[in-house]
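*Asks:* Could you slot chain V onto chain Z? The hints should help.
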Amino acid sequence: MDALNNETLIRPFWEGAARGQLLTCFCTLCRTDIWYPKEHCPVCAGAISWRPLNGRASLLSWTVVRRQINGQFDVPYMPAIVIPEDAPEVHLVTCLSLPEGVSPYCDMPLNVRFSELTPLQGKPFVAPVFTA
Amino acid sequence: MAQSIRQLKSRVGRFDWGHSVEMDDVNSEIAIIGIGETSYTGPSDRAAKAMALEAVENAIEDAGLKPRDIDGLMVSAGIAEQLCPDDFRAYFGTENDIWFSREGGAMIWGATCTHTASLAIRAGLARNIVNVFAVDWASARKSGRGTPGDWHANEPMKAGYEVPYGWFPQPLYFATFAHRHMHEFGTTAEQLAEVPLTFRRHANTHSGAVMRDKIMTMESYLERPMLTDPFRVEDCCLISDGAGAFVMCNAEQAQDRPHVPVIVEGVGRGCIEGSPYISQQKRVTATPQTFSAPWALAMADREVQDIDVLAVYDCFSMTALMQIEDMGFCDKGQGGEFVQNDRLYYKRTRRDGGIPCNTHGGLLSHAYVLGIAHIIELVRQLRGDAQNQVADARVAAYAGFTADEAATLILRRGL
Numbered sequence: 000m001d002a003l004n005n006e007t008l009i010r011p012f013w014e015g016a017a018r019g020q021l022l023t024c025f026c027t028l029c030r031t032d033i034w035y036p037k038e039h040c041p042v043c044a045g046a047i048s049w050r051p052l053n054g055r056a057s058l059l060s061w062t063v064v065r066r067q068i069n070g071q072f073d074v075p076y077m078p079a080i081v082i083p084e085d086a087p088e089v090h091l092v093t094c095l096s097l098p099e100g101v102s103p104y105c106d107m108p109l110n111v112r113f114s115e116l117t118p119l120q121g122k123p124f125v126a127p128v129f130t131a
Numbered sequence: 000m001a002q003s004i005r006q007l008k009s010r011v012g013r014f015d016w017g018h019s020v021e022m023d024d025v026n027s028e029i030a031i032i033g034i035g036e037t038s039y040t041g042p043s044d045r046a047a048k049a050m051a052l053e054a055v056e057n058a059i060e061d062a063g064l065k066p067r068d069i070d071g072l073m074v075s076a077g078i079a080e081q082l083c084p085d086d087f088r089a090y091f092g093t094e095n096d097i098w099f100s101r102e103g104g105a106m107i108w109g110a111t112c113t114h115t116a117s118l119a120i121r122a123g124l125a126r127n128i129v130n131v132f133a134v135d136w137a138s139a140r141k142s143g144r145g146t147p148g149d150w151h152a153n154e155p156m157k158a159g160y161e162v163p164y165g166w167f168p169q170p171l172y173f174a175t176f177a178h179r180h181m182h183e184f185g186t187t188a189e190q191l192a193e194v195p196l197t198f199r200r201h202a203n204t205h206s207g208a209v210m211r212d213k214i215m216t217m218e219s220y221l222e223r224p225m226l227t228d229p230f231r232v233e234d235c236c237l238i239s240d241g242a243g244a245f246v247m248c249n250a251e252q253a254q255d256r257p258h259v260p261v262i263v264e265g266v267g268r269g270c271i272e273g274s275p276y277i278s279q280q281k282r283v284t285a286t287p288q289t290f291s292a293p294w295a296l297a298m299a300d301r302e303v304q305d306i307d308v309l310a311v312y313d314c315f316s317m318t319a320l321m322q323i324e325d326m327g328f329c330d331k332g333q334g335g336e337f338v339q340n341d342r343l344y345y346k347r348t349r350r351d352g353g354i355p356c357n358t359h360g361g362l363l364s365h366a367y368v369l370g371i372a373h374i375i376e377l378v379r380q381l382r383g384d385a386q387n388q389v390a391d392a393r394v395a396a397y398a399g400f401t402a403d404e405a406a407t408l409i410l411r412r413g414l
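Same order as they appear, the protein sequences are chains Z and V. Just so we're aligned: 5 in numbering that gives the first Met the number 0 is position 6 of the first sequence, and the numbers increase by one with no gaps anywhere. Just so we're aligned: 101 in numbering that gives the first Met the number 0 is position 102 of the second sequence, and the numbers increase by one with no gaps anywhere.
One chain only, chain Z, in its complex shape:
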């Protein structure tokens, strides 16, 4: 039962990413954005669905992982939390992919890009990342 929930609440996001869409879970009745996704709307118990976002976001904050801590990726890499312009209640955990010479700063405007991430274990996968 839990696995099914996770497939319902997690898989659509990653399937959207593979299609080049940044999605958020939302309530079909009261239009509240629901993040992290839940089976039913916590505000009105309405049915959930997914809606595409415009891809613009601002940087809430970030870190630069410089030494191997979790074995997920080669270091250095830059995980971050961004707030979508058109879903301000949503905090998306993501990675930054910034051009050479561009440093991150809080509230920096960003745009989504769909890139293949290559974890140290398991298969590469397409993910929404954010860039300047």
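If you are wondering where the hints come from, they were derived from the structure by calculation, not from laboratory data. Careful, some of the hints might be misleading.
Some, not all, of what chain V presents toward chain Z, calculated at C-beta under 8 Å [to be verified]:
#	residue
1	G148
2	G159
3	Y160
4	G165
5	F167
6	L171
7	A174
8	R179
9	H182
10	D228
11	S274
12	Y276
13	V283
14	F337
Glycine included, every Cβ here is placed at the ideal spot set by N, Cα and C.
*Replies:* Frame of chain Z, contents of chain V only:
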């Protein structure tokens, strides 16, 4: 006269990104009468249960009691192997019934166990309750058995949305929040450094501290490479093996014990909205201490100015700094400036405008036993027995933390 929940609520107020748990007034009902611990180390191949029993044995003796006097046992669920009543009875050769709670141990429960124990004593379920916490993460990590980050990586939403991006474990969470604090309030690396530096100084004059022989200066700290910006290794707590325990009983019965009793005046617990997902916190520059400290202080009928000695859950330098702000020792955002100029050093007392903090060295330099040693240190301070003794310590506070929750404990020296 005990305050009602309604009275406490009206004193505390409401928050827009979390809440205080409504805890009954237990002011002055329960006392800590005995403390016990093991040595604290890196990998030692000691088993968690064996260390727990050693700490419990020491605490019972310190309380002037015998094992057969103990009729309550509290542990933390889900971290290492913790004791159960059968373990206690087998080790000590006792037979009596033991009231058992898994809402004890360390972290936030180091504080709230006093509240839970008070209610058990009120209900006649137990009279002498031992709270214990043991951890063998140093040995576990060395042998590949497990780490503090495991729970986070296995939580379904985190596994689905955070782990794929490598946003785990805890050092990355709080390094991310630290950058925001630096952005919003101008907190600098040199200011942040004061937290690990001061706690290291405390450890250097504390015989039980793991980092007792390791000197750290501002220069040596700043030269250290970044682990995950803006944290260096020194901004992150140790990984340790060790155990601590304390015995509690009704405050009236506490007067006949060998040591000055330490009376519980206030307990608070707070939780973020959207728990356990700290990535979704409306404010990432603050902690749930925002919700727990006011409740504990209201129950204790105290102001922060009354606190003579403090122990905060310093899993990271910035989380300690934020909790100090959130408890009200300074304004939100002023923590960087606040922790400079020996503010937290044990010799700078409240009278001199200081607030001695983590006088044993904390999780950063004493040992990572998730707060149980913080409470033991505060008991020593209030007894007048501490190695880095704060002059005239009468009232103490412990700030416990688990990321999405926090708890606060206010203690006073009994007569």
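*Asks:* All the hints need checking, so say for each whether the structure fits it.
*Replies:* Hint-by-hint comparison with the structure:
no., hint, result
1, G148, "7 Å, holds"
2, G159, "4 Å, holds"
3, Y160, "6 Å, holds"
4, G165, "4 Å, holds"
5, F167, "6 Å, holds"
6, L171, "5 Å, holds"
7, A174, "4 Å, holds"
8, R179, "4 Å, holds"
9, H182, "4 Å, holds"
10, D228, "4 Å, holds"
11, S274, "12 Å, violated"
12, Y276, "6 Å, holds"
13, V283, "6 Å, holds"
14, F337, "22 Å, violated"
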